[in-house]
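Undergrad: What follows is the residue order along each chain.
2 protein chains.
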Amino acid sequence: MVKSSIDPILSGERMALARLLTEVENDSPAARRTLDELFPHTGKAHLIGVTGAPGTGKSSLVNQIALHYRRADAANPNRVAIVAVDPTSPFTGGAVLGDRVRMRDLSGDPGVFIRSMASRGSLGGLAQATAGMVQVFDAAGFEIILIETVGAGQTEVDIARLAHTTLVVESPGLGDDIQAIKAGILEIADILVINKADLPGVDNAESALRGMLSLARPVENLIHHGQVMSVPETESQEDSQWEPPLLRTIATDGTGVEELLAAIDQHALHLRRTGGWKQRERARLEAELQTLLTETLVEEFRARIPIKHYTALVEKLVQRKLSPNEAVKLLLKGKA
Amino acid sequence: MVKSSIDPILSGERMALARLLTEVENDSPAARRTLDELFPHTGKAHLIGVTGAPGTGKSSLVNQIALHYRRADAANPNRVAIVAVDPTSPFTGGAVLGDRVRMRDLSGDPGVFIRSMASRGSLGGLAQATAGMVQVFDAAGFEIILIETVGAGQTEVDIARLAHTTLVVESPGLGDDIQAIKAGILEIADILVINKADLPGVDNAESALRGMLSLARPVENLIHHGQVMSVPETESQEDSQWEPPLLRTIATDGTGVEELLAAIDQHALHLRRTGGWKQRERARLEAELQTLLTETLVEEFRARIPIKHYTALVEKLVQRKLSPNEAVKLLLKGKA
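Same order as they appear, the protein sequences are chains E and Z.
Mapping the first sequence onto this note's numbering, position 50 (from 1) lands on 1290, and the numbers just tick up by one.
Mapping the second sequence onto this note's numbering, position 301 (from 1) lands on 1541, and the numbers just tick up by one.
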């Protein structure tokens, strides 16, 4: 028998990491046990969510952020993990040649680990798998974990906003339809980035964004954005106030990325100073707890229902002899 | 006391409908009771899911489909409901002027009811609310129910594909990033629409789509696309085979929409002939059952946990004294 050990993970061995990440994605019992063992070693990484509409160049920007974090401190370079939960991201395989070429900057760098989640799982599956992967990278000592999601789906936005620092990426010249997505996700932004800032219309885009921002982000939103049951009220609103900066970048050549890193680091500092860091940790861990609780409750319940009863009940639904709500009540009473 | 009656709903009174839809969105106990009473009156409508990337003109197309269904049979016009679950849809309020103007075609028509879901609720909330609204419209005698979602989020795609007929809308001239979304949702298409067919590049877009289509849709995918536990195997694969047609439309002037309606009706006929209709009903109702079951299990469980225990447990998570998985186990054992 091989003794299951978390040492290879803690020391960041790539093969062990890759294997564990696959197990986490499949939510195997072994993965859950390993995550339990790894958990005490987590809580050190800076989680950065990056979200925005398709076409804004999020992935290229994530790539650049990773590169810049690698270079920021030559003596003691950060290790950077990327978790891509975006069907439009080149990291998840839906790539076009141009993006693949740009990604070469990162491949081959042993201080960078990219993991994508291309598959659509169950409702809670995506959030749960992402949380698990982030824990693995955190325990493995990656100082920076970038979580890239597409800012158009409910689940995906929820994943990005549970990071310590959430970047919302915009760009000029998108269609009007996409403009509407923007308004919806502005309120979760800690930092707003207008990427592709070399495109015409960037000034208009910026003033439109500033207008939307003042509407979308009343003061109370600044304090906290998780759906939590137990936010402590010890911090004053004044201390927690953070005015989301609006920055311009050109991810294809790296323009503005250094300033973006400075803003990200400043946000982290702000969170630590105001107690916001712990508050977000709490919100994120609570969301993870609830996702896992839901998944577990459903699994345990399913295991208890005889398949014959279940099938008979679905048939009654189809025949409109029972409503879904009535069927649930019968299931909970153990009758079908 | 006013006797709660479903008669105003069954006869399609707009004020009663609007009030009930709000209750359904809020998932009130009264709404659940009313849905129970309405459920035996459902099962007559043709549910049409419309999904696609932002910028493809889905909403304008939905608008045109509704208009054409209204006009299709002058003697006995269909009543049409639209449920918009798309943050980019003008129906949900994220509109630009051009779209609003086009929507005037529908407003004021008493045979059309538009309901939007702008809010981001809990994980299962969006799917559950959509299902409830569809039941209300079905019971109220709307023959056609259009469900519009953005084809970029996991939840949203799942909602669209649980209709009887799923339209995936594409358009030429979108960015490469958006191209990648397309590949991911092609496999759920019963009918493929290239909208904005007057734009340059439509021929290239069509041949690219045909290429992707042959890859994305192997024969076994045609039979069924729900995640169900109890698919009956009575229908032969041969009978169920449906080759998704690829149609071109220009929603702004209605070009191709008549042909699209013919294809939709043909798909409905095909489903009825092959038993696929009942199969999809079953898949959809089973998904609704599972969403509701999950929600109910979690609610009941939460009501049983003392808030003090829960808060103490979250604190242990933050301090890394417990992993989320271990916390769930303790919660299930009733300890904290």
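Hints are supplied without guarantee of correctness; some may be wrong.
You can't tell identical chains apart in this list, so a pair holds if it fits in one copy or across any two.
[Claimed, not checked] Straight line, CA to CA, 25 Å or less: simulated SDA-like cross-link-like pairs of lysine to any residue:
(1) Lys1561 x Thr1514
(2) Lys1573 x Pro1546
(3) Lys1284 x Asn1444
(4) Lys1561 x Gly1283
(5) Lys1569 x Glu1540
(6) Lys1569 x Ala1543
(7) Lys1573 x Leu1486
(8) Lys1573 x Ser1356
(9) Lys1569 x Thr1536
(10) Lys1569 x Arg1544
(11) Lys1284 x Pro1317
(12) Lys1548 x Glu1427
(13) Lys1518 x Ile1547
(14) Lys1573 x Gly1413
(15) Lys1284 x Asp1493
(16) Lys1556 x Gln1481
(17) Lys1556 x Leu1570
(18) Lys1518 x His1549
(19) Lys1573 x Val1538
(20) Lys1548 x Asp1505
(21) Lys1561 x Gly1348
(22) Lys1548 x Ala1256
Hints are computed from structural coordinates only; laboratory data are not their basis.
Undergrad: For which of the previously enumerated hints does the structure constitute a violation, in increasing order of number?
TA: Hints 3, 7, 8, 12, 14, 15, 16, 20, 21 and 22 are the ones this structure does not satisfy, whereas the remaining hints hold.
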